[in-house]
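**Q** With the hints as extra help, turn the sequences into a complete structure.
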Amino acid sequence: AQSVTQPDIHITVSEGASLELRCNYSYGATPYLFWYVQSPGQGLQLLLKYFSGDTLVQGIKGFEAEFKRSQSSFNLRKPSVHWSDAAEYFCAVTSNTGNQFYFGTGTSLTVIP
Amino acid sequence: EAGVAQSPRYKIIEKRQSVAFWCNPISGHATLYWYQQILGQGPKLLIQFQNNGVVDDSQLPKDRFSAERLKGVDSTLKIQPAKLEDSAVYLCASSHRIAGELAKNIQYFGAGTRLSVL
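In order, the protein sequence lines correspond to chains A and B.
With the first letter of the first sequence counted as 1, position 63 gets the number 63 in the numbering used here; the numbers rise by one all the way through.
With the first letter of the second sequence counted as 1, position 66 gets the number 66 in the numbering used here; the numbers rise by one all the way through.
Hint data in this document are derived by calculation from the structure and do not stem from the laboratory.
Just to be clear, a hint being listed does not mean it is correct.
[What the hints assert, rightly or not] Some residues of chain A that are not near chain B, with every Cβ distance over 10 Å (derived):
#1 Asp8
#2 Asp54
#3 Phe63
#4 Leu109
[Claimed, not checked] Which residues of chain B face chain A? A few of them, derived with a C-beta cut under 10 Å, are:
#5 Val4
#6 Ile12
#7 Lys15
#8 Pro43
#9 Gln48
#10 Arg64
#11 Phe65
#12 Leu91
#13 Ala93
#14 Ile106
#15 Tyr108
#16 Gly110
#17 Ala111
[Claimed, not checked] Here are some chain B residues the structure puts well away from chain A; computed CB gaps all over 10 Å:
#18 Gly28
#19 Asp56
#20 Val73
#21 Ser116
All C-beta atoms in this analysis are idealised placements derived from N, C-alpha and C, irrespective of residue type, glycine included.
**A** Structure (structure tokens):
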């Protein structure tokens with residue numbers, strides 16, 4: 001069955017520190033992968049996406065993610081976290097048909113000064 | 001460009017009552033999605049429309065949930081009757097279809113409707 005796992009429910013980092021949020025997927029077909037961010041009371045905003053090609057993708061707000069097929073992972077990274085990055089982060093997967101979007105359970109990020 | 005509009009933002013009802021949510025997608029976006037996001041979980045796709053046709057409704061509890069997209073623009077999601085476990089945020093998203101590559105379309109989300117069933 002298709003699924004997305006985000007092992008870390010909650011992460012706390014200091015402002016200026018680096019960040020890595022983990023995402024593992026299980027998908028029978030070629031996956032299309034996404035990272036979304038959700039601030040309190042807001043809808044989801046796309047950070048970045050991977051469809052094919054270069055396995056290191058750049059997104060908005062200084063985020064990047066690396067697709068590793070051998071590990072079925074698509075981890076999100078940022079070299080230096082800002083207080084405004086505090087939010088909920090979701091990894092999602094779908095196929096090229098665009099049907100059956102699957103989201104992970106999310107990772108809540110707290111940034112301390 | 002206006003974003004995805006949803007109303008109401010909040011709704012409190014008692015179990016067994018009915019409720020409806022409204023979504024107005026971004027102008028020109030052919031694809032519309034309804035998601036259910038229960039507290040502490042990721043969004044779960046309920047139904048996906050392409051224009052006014054249903055692409056996928058496999059996770060929609062059809063005994064109590066219904067959705068329509070008249071004229072391929074606005075959409076309404078209804079719950080009748082509501083249960084306690086329906087308490088969640090209901091998110092609407094839309095995307096502009098690129099021919100043959102539906103998944104590459106970026107989904108734009110509304111702020112959601114928070115439903116509390118008492």
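**Q** Does each hint fit the structure? Answer for all of them.
**A** Against the structure, the hints come out as follows:
Interface exclusion of Asp8 of chain A from chain B stands, the closest Cβ pair being 13 Å apart, more than 10 Å. Distance to chain B confirms Asp54 of chain A as a non-interface residue, since its nearest Cβ pair spans about 16 Å, more than 10 Å. Under the 10 Å C-beta cut-off, the non-interface status given to Phe63 of chain A relative to chain B holds; the minimum distance is some 15 Å. At roughly 15 Å, the least C-beta separation between Leu109 of chain A and chain B is larger than 10 Å, which holds for a residue marked as non-interface.
The beta carbon of Val4 of chain B comes within 7 Å of a beta carbon in chain A, closer than 10 Å, and the hint placing it at the interface holds. The restraint placing Ile12 of chain B at the interface with chain A is violated, with a minimum CB-CB distance near 16 Å, outside the 10 Å limit. The closest approach between the C-beta of Lys15 of chain B and any C-beta of chain A is roughly 25 Å, which is over the 10 Å cut-off, so the hint fails. Given the 10 Å rule on beta carbons, the hint for Pro43 of chain B holds: about 5 Å separates it from the nearest Cβ of chain A.
A hinted interface residue such as Gln48 of chain B counts as satisfied when its beta carbon comes closer than 10 Å to some beta carbon of chain A; here the least separation is about 7 Å, so the hint holds. At about 22 Å, the closest approach between the beta carbon of Arg64 of chain B and any beta carbon in chain A exceeds 10 Å, and the interface hint on this residue is violated. Because the beta carbon of Phe65 of chain B sits about 17 Å from the nearest beta carbon in chain A, more than 10 Å, this interface hint is broken. Of the supplied interface hints, the one on Leu91 of chain B holds, with its beta-carbon coming within about 6 Å of a beta-carbon of chain A, less than 10 Å.
The interface hint given for Ala93 of chain B is met, as the beta carbon of that residue sits about 8 Å from the closest beta carbon of chain A, less than 10 Å. Look at Ile106 of chain B: its Cβ gets to within about 5 Å of chain A, closer than 10 Å, so that hint holds up. Proximity of Tyr108 of chain B to chain A holds as hinted, the smallest CB-CB distance being about 8 Å (cut-off 10 Å). A distance limit of 10 Å between C-beta atoms decides the matter here; for Gly110 of chain B the minimum to chain A is near 5 Å, and the interface restraint holds.
A distance limit of 10 Å between C-beta atoms decides the matter here; for Ala111 of chain B the minimum to chain A is near 5 Å, and the interface restraint holds. Non-interface call for Gly28 of chain B relative to chain A: holds, since the shortest CB-CB distance, roughly 17 Å, exceeds 10 Å. Annotated as non-interface, Asp56 of chain B brings its C-beta within 10 Å of a C-beta of chain A; the closest such distance is 5 Å. The non-interface label for Val73 of chain B is consistent with chain A: the shortest C-beta to C-beta separation is roughly 19 Å, beyond 10 Å.
The beta carbon of Ser116 of chain B sits about 15 Å from the closest Cβ of chain A, which is more than 10 Å, so the claim that it is off the interface holds.
The structure fails to meet hints 6, 7, 10, 11 and 19 from the earlier list, while all remaining hints are met.
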